[in-house]
Amino acid sequence: MRSRLLLFIPLILFVALAVFLWHGIGRDPAARTSALLSTPFPSFTLEDLDDPAVLHDQSLLDGQVSLVNVWGEWCPTCKQEMPQLLDLAERGVRIIGVDYKDTRDNAHAFLEQFGDPFTFNVFDPDGSLGFDLGVYGAPESFIVDANGVIRYHHTGYITPADVDRVIMPTIESLGP
Amino acid sequence: MSIEWLPELGFFALLLALAASVLQAVVPLLGAWRRNPLWMSFAQPMAAAQFCFVGLAYLALTLSFYNDLFSVAYVAQNSNSLLPWYYKLSAVWGGHEGSVLLWSLLLSAWGLAVAVFSGRLPRDLLARVLAVMGMIAVGFLAFVIKTSNPFARLLPLPPGDGADLNPLLQDPGLIVHPPMLYMGYVGFSVAFSFAIAALLGGRLDAAWTRWVRPWSNIAWAFLSVGIALGSWWAYYELGWGGWWFWDPVENASLMPWLAGTALIHSLAVTEKRGTFKSWTVLLAILTFSLSLLGTFLVRSGVLTSVHAFANDPSRGTFILVLLGITVGASLLLFALRAPRVTTRGAFSWISRDAMLLANNLLLLVMMLTVLLGTLYPLVLDALGLGQISVGPPYFNLVFVPLSAVLSVFMGLGPISQWKSMKGAELRRRARLGALAALVIGIAAPLLYRGEWSLGVSLGLAMALWIALPLGRDLLIQLRRDGPRGLKRLSRSHYGMVLGHLGLAVSITGVTLVSHYGVELNARMAPGTSVEVSGYRFTMVSLDERRGSNFIADRATIRVERDGRLVRLMHPEKRVFLASRQAMTETALAAGPLRDLYVALGEPLDGGAWAVRIQVKPFVRWLWAGALSMAIGGLLAASDKRYRLRRRNRIDVVGTAPLEEVGR
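Heads up: the sequence lines are chains A and B, in that order. Using numbering that gives the first Met the number 0, read the first sequence as starting at 0 and increasing by one per residue. Using numbering that gives the first Met the number 0, read the second sequence as starting at 0 and increasing by one per residue.
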């Protein structure tokens with residue numbers, strides 16, 4: 000009978016998988032709650048994308064509401080997100096980029112081709128900041144208030160509809 | 000004649016198709032159980048009826064698109080009166096509802112094909128196979144009708160014009176990519192149905208295997224073409240020059256392909272040696288389950304992706320329930336009725352059986368790697384363990400070594416013997432190929448670029464190691480009988496040769512384009528020229544062009560090599576009128592040894608543009624290899640032993656678990 004029991008293994012594995020899928024359903028992946036909400040932005044010290052001599056840390060985010068956008072040249076969805084980011088930048092939103100698991104050359108090519116909405120870009124080639132942020136892909140965005148506290152986490156790309164529906168209202172609610 | 004009622008007619012046809020598929024699922028199955036030939040013979044006409052009605056519904060939706068019936072919500076969202084007619088027709092599958100309808104149409108087409116071409120199958124087996132296909136159809140048609148009705152109206156105030164088809168999808172590659180991919184996904188439902196029918200009937204023998212093999216090969220060929228087309232589309236349409244992004248949707252198509260590859264090899268062993276039976280049945284279930292899982296991942300919005308269509312929880316729930324019932328029930332059936340592992344037909348560790356087993360396991364490990372990478376975020380999130388990032392770095396890290404090991408066994412498989420052989424003999428057969436692969440692999444980068452590269456040598460050695468042993472059987476036949484000897488090898492043998500050769504060609508392409516691709520971003524205005532990899536790119540002029548539904552900035556770029564004109568290239572930046580979306584239209588100069596790739600970036604001041612220029616050596620080999628694999632699959636499916644097998648119809652109704660007799 001032992002060998003008959005072995006044949007149940009695929010079924011058991013599948014049931015386990017189904018439970019996880021069930022859990023994932025109905026949760027808008029773009030609005031995944033982050034454990035980091037209402038916590039200060041993780042500390043980091045990373046080079047600037049344009050100038051390796053310039054170092055940024057979390058104080059970059061103090062004093063002003065910012066949108067932190069995690070992106071990379073290797074990410075096709077980031078390309079689709081660029082028009083929305085450019086639109087937000089035009090409306091005066093301060094956007095800090097985190098260039099995630101990327102190379103400087105590729106990132107510059109990307110910005111040259113698709114435009115550059117970023118006030119600064121932090122260069123994160125090893126994904127260390129991305130890891131602290133709990134990012135599992137790109138693009139992801141965070142809205143950080145003037146005290147450097149994360150107020151909103153957006154997974155996946157910001158659609159044109161999201162700009163007016165979520166992003167702008169959240170930023171405006173946090174004040175200038 | 001008024002066309003206004005077409006959508007209602009289409010919906011009515013869907014309801015009739017559902018009714019037909021319910022009958023197809025229930026009556027023949029009861030007939031097989033009660034041994035009632037009349038009930039069993041219900042299967043074929045119902046399969047035909049189901050196909051007709053789904054076909055009618057599909058036709059109604061197509062005509063609604065063609066005639067711009069914007070009162071139909073789905074048409075209004077995915078079409079526009081300015082859209083060229085051929086995109087109006089392909090816009091039918093440009094969104095969620097139509098894609099699922101296409102899925103159902105193809106499913107019923109496969110069902111009809113089985114009904115028509117399997118007249119010589121034992122009657123009860125055919126009844127069960129078609130009944131299982133009927134059940135799948137019930138699930139999908141109910142899904143369309145319940146959650147994704149493409150015929151829903153926007154009344155009483157229909158929009159004056161449609162929102163237009165997503166510009167990314169307005170492309171010839173995208174006309175054929177989804178149907179091919181779905182043909183593959185859905186095609187594996189045949190192997191699945193055969194597996195379930197065998198478990199139900201308690202009979203799994205060499206004849207069964209001979210029936211399943213051609214269907215699986217054809218489905219696999221379609222899936223290969225579908226994936227290659229998707230990659231090709233991403234290459235020129237996403238404007239990146241990348242050809243694989245490890246996007247969840249791409250992974251969703253790769254998983255059934257890997258499992259399907261394992262399946263067609265396992266079937267070979269089952270047919271030849273009568274072993275691996277449980278394994279084959281499990282793979283048949285697994286492959287189709289993964290096709291369903293892929294559909295679930297894409298349709299449910301559980302994962303974010305470039306392709307994600309709808310984000311409607313009711314749809315996700317429905318598909319998950321469907322997936323749960325289908326996969327859960329079939330795995331339960333498998334656990335209860337699958338043949339137990341027997342020691343009969345044992346083989347030694349140096350034999351073709353063992354090589355194929357190793358390859359099967361490796362393919363499964365690769366599939367699980369992709370599954371894990373795709374679902375890891377979801378699982379960790381569900382367990383509350385926080386999140387980690389999974390992206391191309393993870394997949395490349397895991398996939399390259401696994402492929403290297405896989406290719407070692409792929410080289411040995413075709414030159415080894417069934418059951419057992421001496422290690423010394425295998426070494427003797429492999430020696431020459433191994434030596435040649437190593438020498439050429441190591442020397443090629445030196446000769447090609449004058450600089451050694453481990454990655455290139457490894458990739459080329461892998462490709463040669465796979466390709467060279469394939470010539471052995473051909474040489475033996477040639478030497479014995481001259482060209483006539485080549486006829487002695489079967490079509491399925493040549494299919495195998497083409498399949499393996501295809502992978503070798505693809506590996507060569509991947510290796511060379513990854514290591515030797517060059518890209519450059521330049522600021523270019525009329526008169527500017529730059530040099531990349533020996534090619535001189537000069538911008539000749541900039542002008543504006545009007546298409547039927549877009550306006551484009553168009554550059555003319557002259558490409559010269561050694562002072563001779565190679566090509567005039569015309570990259571464009573299009574702005575679509577209905578959606579105001581901008582799209583990069585890449586200019587490509589394709590060639591067997593290299594592609595030249597020019598894309599317009601952003602306009603810069605002073606009338607200049609940022610231009611992205613790439614030279615991609617051997618990139619075509621990637622898709623040429625996939626094409627060769629697909630042709631190999633079709634060739635193997637057309638082998639005469641599947642066509643000429645004119646056996647008398649036998650009705651066998653067994654009830655005991657397989658192979659249990661006499662234990």
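Since the hints were made in silico from the structure, they are not lab data. Treat the hints with care, since some could be wrong.
Unchecked claim - Taking beta-carbon pairs under 7 Å as the criterion, some of the chain A residues facing chain B (in silico):
#, residue
1, P9
2, L10
3, F13
4, A52
5, V53
6, L54
7, Q63
8, W73
9, A108
10, E111
As the list claims (entries may be wrong) - Result set (SDA-like, lysine to any residue): computed pairs, CA atoms no more than 20 Å apart in a straight line:
#, chain 1, residue 1, chain 2, residue 2
11, A, K100, B, P166
12, A, K100, B, K271
13, A, K78, B, K271
14, B, K639, B, N165
15, A, K78, B, E601
16, A, K78, B, N165
17, A, K78, B, V397
18, B, K639, B, R490
19, B, K271, B, D472
20, A, K78, B, S117
21, A, K100, B, R490
22, A, K78, B, Q580
For each residue, glycine too, the CB sits at the ideal point set by N, CA and C.
Okay, the hints, checked on the actual structure:
With its C-beta approaching chain B no nearer than about 5 Å, A/P9 sits inside the 7 Å limit, and its interface hint holds. The beta carbon of A/L10 is positioned within 7 Å of a beta carbon in chain B (closest approach about 4 Å), and the interface hint is therefore held. Evaluation of the A/F13 hint against chain B yields a held restraint, the C-beta minimum of about 5 Å falling below 7 Å. Restraint check, A/A52 versus chain B: the minimum CB separation of about 23 Å is more than 7 Å; hint violated.
Interface hint at A/V53: violated, since its Cβ lies 22 Å from the closest Cβ of chain B, which is beyond the 7 Å cut-off. For A/L54, the suggested interface contact is broken, since its CB lies about 23 Å from the closest CB of chain B, more than 7 Å. The interface hint given for A/Q63 is violated, since its Cβ lies 27 Å from the closest Cβ of chain B, which is over the 7 Å cut-off. The beta carbon of A/W73 comes within 6 Å of a beta carbon in chain B, closer than 7 Å, and the hint placing it at the interface holds.
Using the Cβ-Cβ criterion of 7 Å, the hint placing A/A108 at the interface with chain B is satisfied: the shortest such distance is roughly 4 Å. With 7 Å as the threshold, the beta carbon of A/E111 comes within range of chain B, its nearest partner Cβ sitting at about 5 Å, so the hint holds. Between A/K100 and B/P166, the direct Cα distance comes to roughly 29 Å. Violation of the 20 Å bound is thereby established for this hinted pair. Pair hint A/K100 plus B/K271 does not hold up; C-alpha atoms about 48 Å apart against a cutoff of 20 Å.
Restraint check for A/K78 and B/K271: the C-alpha separation of about 51 Å exceeds 20 Å, so the hint is violated. Note on B/K639 and B/N165: the hinted pairing is violated, with a Cα-Cα distance of about 45 Å set against a maximum of 20 Å. In summary, the hint linking A/K78 to B/E601 is supported, as the alpha carbons are separated by about 13 Å, within the 20 Å threshold. For the hint linking A/K78 to B/N165, the alpha-carbon distance of about 15 Å falls within 20 Å, and the restraint holds.
For the given pair, A/K78 sits about 26 Å from B/V397 by alpha-carbon distance, which is inconsistent with the 20 Å threshold. As the CA atoms of B/K639 and B/R490 are separated by approximately 8 Å, the hinted pair is consistent with the 20 Å bound. Note on B/K271 and B/D472: the hinted pairing holds, with a Cα-Cα distance of about 18 Å set against a maximum of 20 Å. Simply put, A/K78 and B/S117 have alpha-carbon atoms about 49 Å apart, too far for the 20 Å limit, and the pair is violated.
At roughly 47 Å between alpha-carbon atoms, A/K100 and B/R490 are farther apart than 20 Å, so this suggested pair is violated. Of the pairs offered as hints, the one joining A/K78 and B/Q580 holds, with about 13 Å between alpha carbons and a cut-off of 20 Å not exceeded.
In the structure shown, a violation is registered for the earlier hints numbered 4, 5, 6, 7, 11, 12, 13, 14, 17, 20 and 21, in ascending order.
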